[in-house]
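Chemist: Based on the sequences and whatever the hints tell you, model everything.
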Amino acid sequence: MRQLCKGNVAVVKGAVLAGCRAYYGYPITPASEIAEYAALYIPEVGGTFVQAESEVASINMVYGAASTGVRVMTASSGPGLSLMQEGISYLCGSELPCVIVDVVRGGPGLGNIAPEQSDYFAMVKGGGHGNYHNLVLAPASVQEMADLTMLAFDLADRYRNPVIVLTDGFVGQMMEPIELQVSEVNPPEKPWAVKGTPETQNNLISSIYLEPDDLEKHERKLEQKYKLAQMLETRLETYMTDDAEILLVGYGIVSRVLRSAVDEARAQGLRAGLLRPITLWPFPSKALAETAARCKTVLTVEMSTGQMVEDVRLAINGKVPVELYSRIGGNVPSVEEVHARMLECAGAEV
Amino acid sequence: MAEYEIIHEKSPVFYERYERKNELQHQTHYCPGCGHGVAHKLIAEAIEELGLQERTIFVSPVGCSVFAYYYFNVGNIQAAHGRAPAAATGIKRACPDKIVISYQGDGDLAAIGTAEIVHAANRGEKITVFFINNAIYGMTGGQMAPTTMVGQASTTSPWGRRPANEGFPLHVSEMLATLEAPVYIERVALSDNKNIMKARKAVRKALELQRDGAGFSLVEILSPCPTIWKKDPVEARKWVAEKMIPVFPLGVFRDRKVEIPRIDVPQKTVAEALELCETPGQRLAPHHHGKPCTIKVAGFGGQGVLLMGIVLAEMGMREGLEVSWLPSYGPEMRSGSAHCHVCLAKERIGSPLVAHPEVLVAMNEQSLRKFAPTVAPGGLILYNRDSLPPDFAVSHARVMCLPASEIADKLGSAKVANVIMLGALLEETECMSPETAMTVIGQMVRKPELLKLNGEALHAGRVFVDHQVRVGAVSQPDGFAY
Ligand SMILES: Cc1ncc(C[n+]2csc(CCOP(=O)(O)OP(=O)(O)O)c2C)c(N)n1
Ligand code: SF4
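Those sequence lines, one after another, are chains A and B. This note's numbering applies: residue 398 is where the first sequence begins, and numbers increase by one. This note's numbering applies: residue 131 is where the second sequence begins, and numbers increase by one.
These are computed hints drawn from the structure, not numbers from a lab. Heads up, a few of these hints could be off.
To be verified - Incomplete in silico selection of chain B near chain A, CB under 10 Å:
| no. | residue |
| --- | --- |
| 1 | I221 |
| 2 | N252 |
| 3 | R253 |
The structure displayed is predicted, hence computed values, not measured ones. We put the CB at the ideal spot given by N, CA and C, even for glycine.
Modeler: Put into structure tokens, the structure is as follows:
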């Protein structure tokens, strides 16, 4: 059955369908509906919802619940995610699975509540202390808000690591039709969890390794895990890239604008294509490099002053010129703007 | 000294050998005479006596007791500095029938973790907190704690704690006892055998209360730190008695049953909770196939601007279209204006933003002035007045003025102005069918009299279009879809 649903609400529906029965969070625009609908749905299906006193507390409640092996999540926006960084580092260090949604808003500081993509560095590159990675998924539609949240729970369990759903105020606030089905959830066994049972009595959840050799071993183990994720988990979508001369790269809401821009460009005879990373970490570097190699120019469009573009440049490694078109502050690039920028890039090529 | 012997006998709640330690696996890492060691023993004994070992989850803090998991043969979770009560909340809520212990020092609990302990206590989390107050930061080498006493020197209060600079020592038990939810709060001291026996009782009682599902319990334990205090173990105990107890008086600060009112949530299946069960009205409208269109609806908050957009999107979905609805949100709404973008399309929708709408519904003058210039050439503007403002002209789009708010007032409720506009929009553009509109509205409006009013409003909008005189642009520019 198709139903019209808000992006933030779809996150909660996806989470419940994925078997999430514990939510700890703190309100913030434009993510609040996630807490609000979690407060409604999760207790109705026998789970627990706690409004924490802060994002510091909510991420540590997530830490506690994840330690017991339940599927657990929280959500927030930039300022809240800043407060969660300590906890995220601990979750990675202690190898605990959980799902964290960042509905990105504008600015450093209090900024504003309009959409931006300026948390890319903080979520994709880290932001907390130590050698760790988050797996990061970037939905571009309401359906994907649900689907990628469900996937996030599976990946979190598979890698025993936090998975971030990185979205923005627009995808969170918009409504689109979605289709969801109730199906049986079979999360993997978690023999490592501390459940307060005789079988798990000897288990320990901790991120402390005092001896340098012990810590090195632990961090190498994490590193191996991350390498595996890089091999197996990159996801992306391409549109009209086969014969593209100019390749647009963008994620989330921007990729939607870029899709329209590709159509517009093609209608006017410019062979444009789109590559949209769905996983921002691991970043689809290989696919991007291969696709870009067939093009003359790459244009990255971001609602930041240029964060993902660094990964685009690393992937392409100087082989094709990489340009950036950026809008910030809550301004979303329009199809016309992108089109004009594409013409500039194409002109520069000729 | 019988008690002394008990303390030295190893409880089975401790591991046989401390194999998680790298060396000296027969002894703890605590300094001789350290209160942590004694407190551990009291807790282990109580867990044993109450038969709780197999279902206990122990949260260790950051501080000298970060390695409590070396010793306690129970489920162990190590938490970030100060966050143990939050972690314990997560654990207890996920596993309500387990015994969850948060063990914390004074830096951990009373400085960096103040918010977490206050709120865990205030929520009445059914956990037990053992709070080791040694008036100093042990692990990091003797810096000032929130419980450091006036005049007490530390590496970061070298002249002694000066209240004018550092404030006064924090009285955690007294503070938490002002809250509604906690069931048991007592302060004890590891100063001499008599007090240790009292401490033992308090520890046991706190765990017993948790076992019985009573509520939040906390035992504050005044505890010697001979190493940082630069005293031998005997002097250190004496210092607890002579210096600490006068500042932190021992006693029970809370011991009462709290009847916390429960509101049970009605349980549902996943499909019911998530509203995934199909209702007849949600099916595809069988005979109608909507036409693509991009629409912007704008006006004051309270004019049903966002809702009108949702109705349009919902209708489009039922008429087999791809749809998207994107609202303005946040402060703009609070200051009184709101708008939304609706895309109705045959194909997958790229940008959900409608920069150049084919149809603008302007419910007030402000929206008209702001968005009319952005309307696509040849587009349509529906304006909620009987005429345009005298200083305002539109040449690139058709304008239809209809005083929807006035008509709505006459119908009996200003609230249906948006439905009148909807009727006009549907009649003029024929992008979707009015029957679909009524089906969708029927799902949202349950009261029969309100539904009737909405039907009249929709009709009024359609009738107006049939009779109205067009103003503004007269030419029909090429490419206009309708
Ligand atoms: C975020 C953070 N800040 C600072 C520290 C350093 N640190 C470790 S333990 C500690 C204080 C411990 O004192 P207390 O809680 O009184 O425990 P004790 O060692 O006295 O038992 C501090 C400041 C840390 N680990 N994490
Ligand atoms: S420094 Fe103090 S608190 Fe830490 S182990 Fe030694 S005596 Fe105990």
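Chemist: Taking the hints in turn, state whether each one holds.
Modeler: Each hint, compared with the structure:
no.	hint	result
1	I221	holds, 4 Å
2	N252	holds, 9 Å
3	R253	holds, 7 Å
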